[in-house]
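> Spelled out from the first residue to the last, the chains are:
Number of protein chains: 2
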Amino acid sequence: MKKRRILVVGGLAAGPSAAAKAVRTNPNVEVTLFEAGDTVSYGICEAPYAVAGVIDNEQKLVVYTPERLREERGIEVKTLHRAEQILPTKHQIIVRDLRNHTLVEYTYDKLILATGAQPRQLRVDGEDGRNVFHLSSRDDTVNILRYISSESPSKAVIIGGGYIGMEMAEALRTRGLDVTLIHRHRLPMAGLEQETRERIVDELQKNDVHFVTNAKAELLQQRNDGKVQHVVTNRGTYEADIVILSLGVEPNVALARTAKIRLGRTGAMNTDDRQQTNIDSIYAAGDCCDVKNIVTGKPMYLPLATVASRAAWVAGENAAGGRAVFKGAIRAIAVKVFGIEVAQVGISSDEAKDAGFHVVTESITAHSKVGIMPDSKKITIKLIIDQRSKRLLGANVYGGDGAVLRANTLGVAIQHKLTIDDIARFDMIYAPPFAPLWDPILIAANQAKKKL
Amino acid sequence: MKKRRILVVGGLAAGPSAAAKAVRTNPNVEVTLFEAGDTVSYGICEAPYAVAGVIDNEQKLVVYTPERLREERGIEVKTLHRAEQILPTKHQIIVRDLRNHTLVEYTYDKLILATGAQPRQLRVDGEDGRNVFHLSSRDDTVNILRYISSESPSKAVIIGGGYIGMEMAEALRTRGLDVTLIHRHRLPMAGLEQETRERIVDELQKNDVHFVTNAKAELLQQRNDGKVQHVVTNRGTYEADIVILSLGVEPNVALARTAKIRLGRTGAMNTDDRQQTNIDSIYAAGDCCDVKNIVTGKPMYLPLATVASRAAWVAGENAAGGRAVFKGAIRAIAVKVFGIEVAQVGISSDEAKDAGFHVVTESITAHSKVGIMPDSKKITIKLIIDQRSKRLLGANVYGGDGAVLRANTLGVAIQHKLTIDDIARFDMIYAPPFAPLWDPILIAANQAKKKL
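Same order as they appear, the protein sequences are chains A and B. The numbering used here applies: residue 1 is where the first sequence begins, and numbers increase by one. The numbering used here applies: residue 1001 is where the second sequence begins, and numbers increase by one.
Chain A on its own, in the form it takes in the complex (with noise of 0.2 Å):
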């Protein structure tokens, strides 16, 4: 019996996984990866901690090299390949060897997308500074570490005030560099509600991170010999050593335009539910792909990890002949921000509000320990709940301690459709050195109760 053809296109994060669920679930599959770079299956969630050197080797981050992939997996793989053009109706895609410069066409039975992201460009004169980086590649990383290394910058500038923001904001700070954050809008990490952004404006300034609000960068001036030295906006001019720009992602999308395939509103490719495009036996999973939101019901952008691997076993599974399902996300993400844990769980109360919910939102802030054990620290949660049902849609949790692992059982509340006098009927552990009689959860439960 001839063996099922998959072709599998990206190699970061979702096209490993895809490829090994597909020869996980059937052995009579031949899956090959393209990847254009020249590294595969790489923790680029964790670059920020190897630029902090809390992470002490960089080479950690290689979760496979290719020759594992190929030798525990059994997946072939090639690197250096870039895919320029899916024809459809033959089947087949259209491979540039970047070693050679060669084209190839590939002939697949089921073929898996897995193109992932791209960095935000600024598009302002002088990004192409040899000091300026993304960190979204393997090769970022590295960079970065190598230019901290040889050249000893003692002045950063970031641009952008989202999640990796705050995770080289940290990094950097670490490293014992002065950094200057410069963000668009008045407060940092849009999606958050309001407190919590405020309360990470406090964070950022107790740790000396200078954050300049309402900023837009317009020059980064080079010097002769290609360095930015200065990084000027409409709210001032800031000398820089070097510039980390953490403007956000965008679906990488290019090769699917070739084959027409749909997408979404959110400009990533639509799948259903079985993570299949629209186009015959194409697949789709990870950073280029949207998600249902399983609180509104809606598809979403949401370009996390956990949302590609869990995609990506059921692309992998489906091209391989099985019959996954991938019922969405709530949203569950997380960010350190020097001294406290921030974690966002399901939707915000101004989606809730676009959504059509009635919201009433409940915040309080308790100890996450015994108040009077020792290294007891607060934590603030804030409730986002419908009225009409009093499902609970979403909620921040931040502060010292235990906020990341008390928002994954809210999480669960969310995901479940869990109303809030089901949460307040939680029966949760008390221990001093763990949780107080009544967690955190249960009190901002019963708090809530009295508005609904």
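Among these hints, one or two may not hold up.
With the Cβ distance kept under 7 Å, some of the chain A side facing chain B (calculated, not the full set) [what the hints assert, rightly or not]:
{"hint": "1", "residue": "Ile55"}
{"hint": "2", "residue": "Ala332"}
{"hint": "3", "residue": "Lys336"}
{"hint": "4", "residue": "Ala431"}
The hints are simulated quantities; they were obtained by calculation from the structure and are not laboratory data. Glycine is no exception: its CB is placed at the ideal position from the N, C-alpha and C atoms.
Add chain B to chain A, keeping to what the hints say.
This is chain B only, laid out in the frame that chain A set:
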């Protein structure tokens, strides 16, 4: 209009909670609380940490003084008043004033019994030694601290390997004492899974606790001055400067018997889901009652502060004229054993078999954070699953970090009767300092799925 008169018997935890809830529910009640001791509202669960010196001042354990309960909560508090008899047809209780040994009758519209539990006795000679202590009241805590401070004991023998035994072993090791822990069975902490209990033994031994298995204390050999010097067991004789008895507790139902209140098979009072006993106008809550196990639907005896507080709120609200319901508990408990967190939610595999479930278990060990982060530690999750319904019935979680808060997430799954498929689909947070790409909960659920 005449005020509704509510009498509450018992001042440690459930009593004050029920009393306070009654006052909050209905301004037209008059609440009097009777306590045989001279303290109310004491954080006895924190006592091991006061003994250890981790909490530096024992007085911090006093949650409310009688004066504060009176002034801030509007509850009349009578300490050193022991309720000795209930006259249900007359709606009266007979109370002994322990200051002057007089008996007084008090009339109630509603009576709430929160008589709690008492520590089990060893029932061997020498148990009355003046260096032999339980840990179940403020007096116990103060007496232990006083004894340690004045007599500087160097050898401790703890009898009983349950929660308090674990906490006191750590507390006394923290104080620098040699600790011998004498236990009736091969493994400590009955009710946990065998592998959890074995891990606890390892941890005790790593921390130089001498754990004596299958040992039964036969005599506490006193010197002439009334101090126990040797603990004689069937497995040998152990020198002791201080002896701690941690043999568990049994419900205080002497007063309940005077009104012929129905007791369950557990020996504790049996109430309905409104915390009402079988006798008109008499409610009960706390360690003197049993509670419905949500997993099995059957009553269990679970003397925990969390259960007591929630039952007390329901008893207090209903005694004041409300209509609250307590749906029961899953059992959610945790203990710190030196360097590890140990948590249990739901029922054990033995209990599950006894209850007629077709039990499948799965156990995994995984990093609690991203493995390459320098402070990443491992935790183990054991899931106890019903094969037919695929429902999660119980779990043990133990290890270095994040075990307790993850157990709470699994607790929600148990309480809401979620299946392993549901759990494998949890949308959980990935952030290198807090949680890996696949949270240990997801790893455990995905492994378990393969067996179902």
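> With reference to the structure, classify each hint as holding or not holding.
Evaluation of the provided hints:
Hint on Ile55(A) holds. Least Cβ distance to chain B is approximately 5 Å, under the 7 Å limit. The interface hint given for Ala332(A) holds, since its Cβ lies 5 Å from the closest Cβ of chain B, which is under the 7 Å cut-off. At its closest, the beta carbon of Lys336(A) sits 5 Å from a beta carbon of chain B; the interface hint therefore holds under the 7 Å criterion. Hint status for Ala431(A): holds, given a least beta-carbon distance of 4 Å to chain B, under 7 Å.
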